[in-house]
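The whole structure should be built from the sequences, with the hints applied where relevant.
Residue numbers for the sequence shown follow our numbering, beginning at 61 and rising by one.
Warning: the hint list may mix true and false statements.
Taking lysine-lysine pairs in the DSBU-like style, the calculated list, with each CA pair at most 35 Å apart, reads [said to hold, decoys possible]:
no., residue 1, residue 2
1, K139, K180
2, K148, K63
3, K180, K115
4, K180, K68
5, K63, K115
6, K68, K148
7, K139, K157
8, K139, K63
9, K68, K139
10, K63, K157
11, K63, K180
12, K68, K115
13, K157, K68
14, K157, K180
Label-pair restraints from in silico Cβ distances [said to hold, decoys possible]:
no., residue 1, residue 2, range
15, Y206, W145, 51 to 59 Å
16, M166, L199, 15 to 23 Å
17, H205, A134, 18 to 26 Å
Simulated from the structure, these hints should not be mistaken for laboratory data. From a predicted model like this one, the values you see are computed outputs, not experimental measurements. Glycine is no exception: its CB is placed at the ideal position from the N, C-alpha and C atoms.
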Amino acid sequence: MDKFSPQKRSKIMAAIRSGGTRPEVVVRHYLWHQGFRYRVNHRRLPGHPDIVLRKYRACIFVNGCFWHGHDCGAFRLPKTHVAFWQNKITRNRQRDKEVQRQLAAMGWHCITVWECQLAKAVRAQTLSSLAFTLNRLYLADHTAHYAPLEEEGNVGMAAEPDPHR
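What follows is the structure, given as structure tokens:
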């Protein structure tokens with residue numbers, strides 16, 4: 061049984077935003093001050109990622125533990141309309157997996173930051189790990205990968221005198 065009237069519940073649910081949430085702003089603020097430049101809610105990519113870093117070919121999803129069904133202490137199913145909420149959260153999880161699969165097929169790296177990972181006790185560790193991961197992705201994608209040279213026998217250096225002279 062819901063403790064609010066249907067009108068009050070509707071007003072509460074309508075006030076929940078999908079973008080510009082506090083956890084998302086925390087991540088964006090950190091990234092900006094670390095020198096990472098990004099786009100917000102890129103409409104041309106599947107799933108409209110919360111943060112897109114083109115230079116790193118990375119999409120960051122900042123997910124709420126409740127709405128995306130994270131397996132942590134912050135997630136609890138409501139006691140009312142249990143079947144509805146189970147179905148909704150299952151669909152959200154399936155959609156998240158499909159979107160990340162599509163982005164990976166397009167060559168994008170997907171990173172998920174959970175709301176519980178931004179609690180004050182672990183926020184610094186989470187954000188520094190995020191920066192490390194982005195830098196590692198950049199280096200992996202932009203480091204020159206040279207094919208090994210085949211040995212051509214005993215080839216002298218250009219600065220060595222020619223022994224046949």
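Going down the list of hints, with the structure as the test:
Distance hint between K139 and K180 is fulfilled; the C-alpha atoms sit about 28 Å from each other, no more than 35 Å. Among the hinted pairs, K148 with K63 is consistent with the structure: their alpha-carbon atoms are about 21 Å apart, no more than 35 Å. Taking the CA atoms of K180 and K115, the gap is about 29 Å. The hint holds against a cut of 35 Å. The hinted pair formed by K180 and K68 meets the criterion: a straight-line CA distance of about 31 Å does not exceed 35 Å.
Annotation: proposed proximity of K63 to K115 is violated, straight-line Cα distance about 48 Å (limit 35 Å). Between K68 and K148 the alpha-carbon distance is near 21 Å, which keeps this suggested pair within the 35 Å criterion. Annotation: proposed proximity of K139 to K157 holds, straight-line Cα distance about 26 Å (limit 35 Å). At roughly 11 Å between alpha-carbon atoms, K139 and K63 fall within 35 Å of each other, so this suggested pair holds.
Taken as a hint, the K68 and K139 pair is honoured in the structure, with Cα atoms around 18 Å apart against an allowance of 35 Å. Of the supplied pair hints, the one linking K63 and K157 holds, its CA atoms being roughly 34 Å apart against a limit of 35 Å. In summary, the hint linking K63 to K180 is supported, as the alpha carbons are separated by about 31 Å, within the 35 Å threshold. With a C-alpha separation of about 45 Å, the suggested pair K68 and K115 falls outside the 35 Å cut-off, and the hint is violated.
Restraint check for K157 and K68: the C-alpha separation of about 33 Å stays at or below 35 Å, so the hint holds. In summary, the hint linking K157 to K180 is supported, as the alpha carbons are separated by about 28 Å, within the 35 Å threshold. Checked against the given bound of 51 to 59 Å, the beta carbons of Y206 and W145, roughly 54 Å apart, stay inside it. One distance hint, 15 to 23 Å for the beta-carbon pair M166 and L199, holds here, with the actual separation near 21 Å.
Checked against the hint of 18 to 26 Å, the C-beta distance between H205 and A134 comes to roughly 41 Å, which is inconsistent with it.
In the structure shown, a violation is registered for the earlier hints numbered 5, 12, 17, in ascending order.
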